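Below, each chain spelled out in residue letters.
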Amino acid sequence: MKLSAKQASLLVLAVLIVLSPFFFPSGYYFRVGSLLFVNGLAVVGIVILTGFAGQISLGHAGFVGIGAYACALAPAYLGLHPALSAVLGAVVSGATAYLVGRPILRLKGYYLAVASLGFGILVSMVLANEARWTGGPDGIKTPDLGLRGLLADMGLELTNPQFWYALSGLALLIGAWLALNLRDSPTGRALRALHGSEVAARTVGIDVAQAKLMAFVVSAVYASASGSLLALQNRFITPDVAGYMHSIELVTMAVLGGAGSVLGAIFGAGILTLLPQALTVFQNYEQIMLGLVMMLVMVFMRQGLLPSVLGLMRGRGE
Amino acid sequence: MRKLLTGVALASLASLSFASFAWADIKLGATVSETGPASFLGDPEAKTLKLMVEQINASGGIKGEKIKLFLYDDGGDPNKARTFATRLVEDDGVVAIIGGTTTGTSMSVMPVVEDAKIPFISLAGAIEIIDPVRPNTFKTPHTDRMACEKIFDDMKKRGYTKIGMLSGTDGFGASMRAQCLAVAPNYGITILADENYGPKDADMTPQLTNIRGKSDIQAVLSPGFGQGPAIVTRNYAQLGITLPLYQSHGVASNGFIELAGAKASEGVRLPGTALLVGELLADNDPQKPVVMAYKTAFEKATGTPVSTFGGYAHDALRIFVDAVSRSKSTKPADIRDAIEKTSGLVGTTGTVTMSPKDHLGLDLGSFRMLEIKNGGWVLVK
Chain A
1 MKLSAKQASL LVLAVLIVLS PFFFPSGYYF RVGSLLFVNG LAVVGIVILT
51 GFAGQISLGH AGFVGIGAYA CALAPAYLGL HPALSAVLGA VVSGATAYLV
101 GRPILRLKGY YLAVASLGFG ILVSMVLANE ARWTGGPDGI KTPDLGLRGL
151 LADMGLELTN PQFWYALSGL ALLIGAWLAL NLRDSPTGRA LRALHGSEVA
201 ARTVGIDVAQ AKLMAFVVSA VYASASGSLL ALQNRFITPD VAGYMHSIEL
251 VTMAVLGGAG SVLGAIFGAG ILTLLPQALT VFQNYEQIML GLVMMLVMVF
301 MRQGLLPSVL GLMRGRGE
Chain B
1 MRKLLTGVAL ASLASLSFAS FAWADIKLGA TVSETGPASF LGDPEAKTLK
51 LMVEQINASG GIKGEKIKLF LYDDGGDPNK ARTFATRLVE DDGVVAIIGG
101 TTTGTSMSVM PVVEDAKIPF ISLAGAIEII DPVRPNTFKT PHTDRMACEK
151 IFDDMKKRGY TKIGMLSGTD GFGASMRAQC LAVAPNYGIT ILADENYGPK
201 DADMTPQLTN IRGKSDIQAV LSPGFGQGPA IVTRNYAQLG ITLPLYQSHG
251 VASNGFIELA GAKASEGVRL PGTALLVGEL LADNDPQKPV VMAYKTAFEK
301 ATGTPVSTFG GYAHDALRIF VDAVSRSKST KPADIRDAIE KTSGLVGTTG
351 TVTMSPKDHL GLDLGSFRML EIKNGGWVLV K
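In the order they appear, the protein sequences are chains A and B. Per UniProt numbering: the first sequence = residues 1 to 318. Per UniProt numbering: the second sequence = residues 1 to 381.
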């Protein structure tokens with residue numbers, strides 16, 4: 001039996017997530033792994049928007065912020081369970097993306113990049129300045145999800161990093177599965193068609209504005225889920241998470257690993273999450289190293305790291 | 001491929017631990033913001049920790065055991081701080097953690113240390129770090145509430161009861177503003193104007209004009225951090241406002257006088273630590289020898305003037321060393337108990353006496369009211 005590209009991608013991801021812990025020398029690696037998965041989830045959203053539909057958002061951290069703060073604010077003010085708060089965050093993010101995206105995505109060109117940039121900055125400013133509700137720049141505590149305690153009662157004792165490794169790994173798998181399914185669905189094909197040529201896509205009867213809007217909303221929900229996972233895992237959240245730099249980081253991860261490929265983008269998230277940890281010895285040069293890697297990839301591997309390397313390997317095989 | 005990267009990470013870690021293997025006796029962890037927006041706090045803290053650990057090890061360590069310092073730079077990012085805290089606990093196996101330069105980084109380290117039951121001494125200001133008291137979390141800097149109390153106390157002595165406030169909207173300014181509003185009634189002080197500015201604003205003239213417009217105001221308080229308070233001071237002089245101006249402990253450094261200018265800052269009062277005015281302290285002041293020893297060592301080693309913030313790290317390390325020397329063993333739980341029993345320890349911020357209900361251990365007397373005169377500091381009696 002030959003696996004399809006989709007099944008192969010999912011299998012590789014699942015095997016890596018399940019087998020990696022056997023090589024972890026300490027609990028700290030679970031923490032790094034779960035950060036990688038949380039970033040990866042947001043980056044898969046970027047793949048749908050940028051890789052499939054060819055639109056660029058420079059404000060996705062705004063949605064990460066909405067998802068994160070939903071988990072802090074909804075339990076405190078509405079008495080909602082943290083898990084439901086994450087769902088609420090996703091709904092709010094999706095609705096906001098719909099309202100912001102609807103007028104903008106009717107236009108051609110870089111309007112989405114500029115508008116989303118403004119939107120992201122706006123969200124982080126509101127989070128920092130409305131200190132009465134959000135705790136201001138010093139941040140705010142998020143409640144315990146309670147699931148770890150529940151598992152412990154059922155006889156499955158996990159340390160905190162282990163639990164979050166498992167949960168965010170699972171979330172990433174589901175996220176990647178949905179994204180890969182979307183890619184091969186009629187909607188995904190429509191998105192990729194308009195990436196190639198908007199005029200051609202319109203000619204074959206695709207509602208271009210509608211399709212772009214859908215991609216934007218879906219990717220916002222991904223970002224929101226990533227923010228919720230981060231907030232619940234850290235038990236504390238500050239407006240930095242919605243900051244402009246985080247938006248850029250997410251786009252960089254996707255482009256570095258390969259924005260057109262789900263697995264590639266996750267790989268990019270992995271590099272940018274692990275590199276600062278591996279480079280603490282050269283902490284002062286971290287930015288330089290990242291810049292250098294990014295430039296080299298842009299010049300020599302325009303498709304991103306993973307697709308380019310795979311392409312090279314295939315080329316050699318023939 | 002992730003395995004490959006984990007391998008790379010592992011290899012670099014291994015090389016790190018190899019270098020230190022011989023002396024890995026007492027492992028002390030630290031995560032401070034050496035770079036990033038809070039680097040003017042974190043940089044002197046990191047230098048102080050490195051310098052003092054070297055000094056202590058050179059003079060034989062604690063009870064003959066050397067300290068091995070694991071120091072990470074979180075760049076002021078709370079998410080990174082939490083990751084480094086996890087790394088210190090899970091991977092490096094430290095017995096205590098110093099750090100959390102900012103309130104945000106401290107608050108995100110806290111769940112990790114409380115989970116792992118490792119004593120943690122924060123270097124950040126906000127009162128929420130130690131109130132409510134958590135078993136394993138301690139801190140060295142005065143709280144912003146104490147700064148408000150010290151300032152209001154001085155205002156009351158001078159007979160000012162109606163004041164205006166101009167606060168920064170950054171974490172420090174926002175937190176101190178809230179604390180000042182809360183304690184003002186205890187000193188019979190009414191706040192007639194409550195203005196604010198953004199951390200990157202370049203001109204505070206409109207807010208100050210508003211404050212000047214209220215004729216009843218007798219003094220002005222400016223809680224803030226970084227360049228904002230210096231601009232406030234400059235604008236204040238430019239507008240020719242003659243009311244007494246109070247700044248916060250957040251700008252208690254010579255850099256502030258340089259930024260604001262000696263002329264504009266003449267007569268400005270602020271609460272500061274003994275470290276800033278080491279030479280001016282009375283000879284019988286218990287803090288004088290401690291402060292001067294640290295100041296001399298720091299300035300000799302780094303060539304830069306000593307700062308209050310480095311002093312926080314100095315005190316944290318002193319508390320740790322003192323606790324380890326009294327502790328039954330070097331187990332985290334015993335060190336925690338010993339830290340809680342710290343009594344009469346003289347540091348740069350004051351004399352520290354902790355209890356199960358007080359994980360800061362400082363009183364108002366440890367703050368000194370300072371005034372700027374001719375571009376330098378004088379003690380207000």
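Think of the hints as simulated: they come from the structure by calculation, not from any bench. Keep in mind that a hint or two might mislead.
[Claimed, not checked] PhoX-like, lysine-lysine: derived pairs with alpha carbons at most 25 Å apart:
id, chain 1, residue 1, chain 2, residue 2
1, B, 68, B, 27
2, B, 117, B, 331
3, B, 331, B, 341
4, B, 117, A, 141
5, A, 141, B, 357
6, B, 357, B, 295
[Claimed, not checked] Quick list of simulated restraints, FRET-style, between CB atoms:
id, chain 1, residue 1, chain 2, residue 2, range
7, B, 58, A, 83, 52 to 58 Å
8, A, 302, B, 301, 48 to 54 Å
9, B, 202, A, 81, 43 to 49 Å
10, A, 291, B, 205, 51 to 57 Å
11, A, 295, B, 254, 37 to 43 Å
12, B, 209, A, 133, 26 to 32 Å
13, A, 178, B, 299, 43 to 49 Å
14, A, 158, B, 202, 46 to 52 Å
15, B, 302, A, 287, 22 to 28 Å
16, B, 202, A, 210, 53 to 59 Å
17, B, 64, A, 152, 57 to 63 Å
18, A, 302, B, 293, 42 to 48 Å
19, A, 133, B, 114, 21 to 27 Å
20, B, 205, A, 91, 43 to 49 Å
Here the structure is a predicted model, which is why all the values come from computation and not from measurement. Even glycine gets a Cβ: it sits at the ideal position worked out from N, Cα and C.
Cross-check of the supplied hints:
no.	hint	verdict
1	B/68 / B/27	holds, 5 Å
2	B/117 / B/331	holds, 10 Å
3	B/331 / B/341	holds, 16 Å
4	B/117 / A/141	holds, 19 Å
5	A/141 / B/357	holds, 22 Å
6	B/357 / B/295	violated, 31 Å
7	B/58 / A/83: 52 to 58 Å	holds, 54 Å
8	A/302 / B/301: 48 to 54 Å	holds, 49 Å
9	B/202 / A/81: 43 to 49 Å	holds, 45 Å
10	A/291 / B/205: 51 to 57 Å	violated, 39 Å
11	A/295 / B/254: 37 to 43 Å	holds, 41 Å
12	B/209 / A/133: 26 to 32 Å	holds, 30 Å
13	A/178 / B/299: 43 to 49 Å	violated, 59 Å
14	A/158 / B/202: 46 to 52 Å	holds, 51 Å
15	B/302 / A/287: 22 to 28 Å	holds, 24 Å
16	B/202 / A/210: 53 to 59 Å	violated, 45 Å
17	B/64 / A/152: 57 to 63 Å	violated, 41 Å
18	A/302 / B/293: 42 to 48 Å	violated, 59 Å
19	A/133 / B/114: 21 to 27 Å	holds, 25 Å
20	B/205 / A/91: 43 to 49 Å	holds, 44 Å
In this structure, the hints that do not hold are numbers 6, 10, 13, 16, 17 and 18, in rising order.
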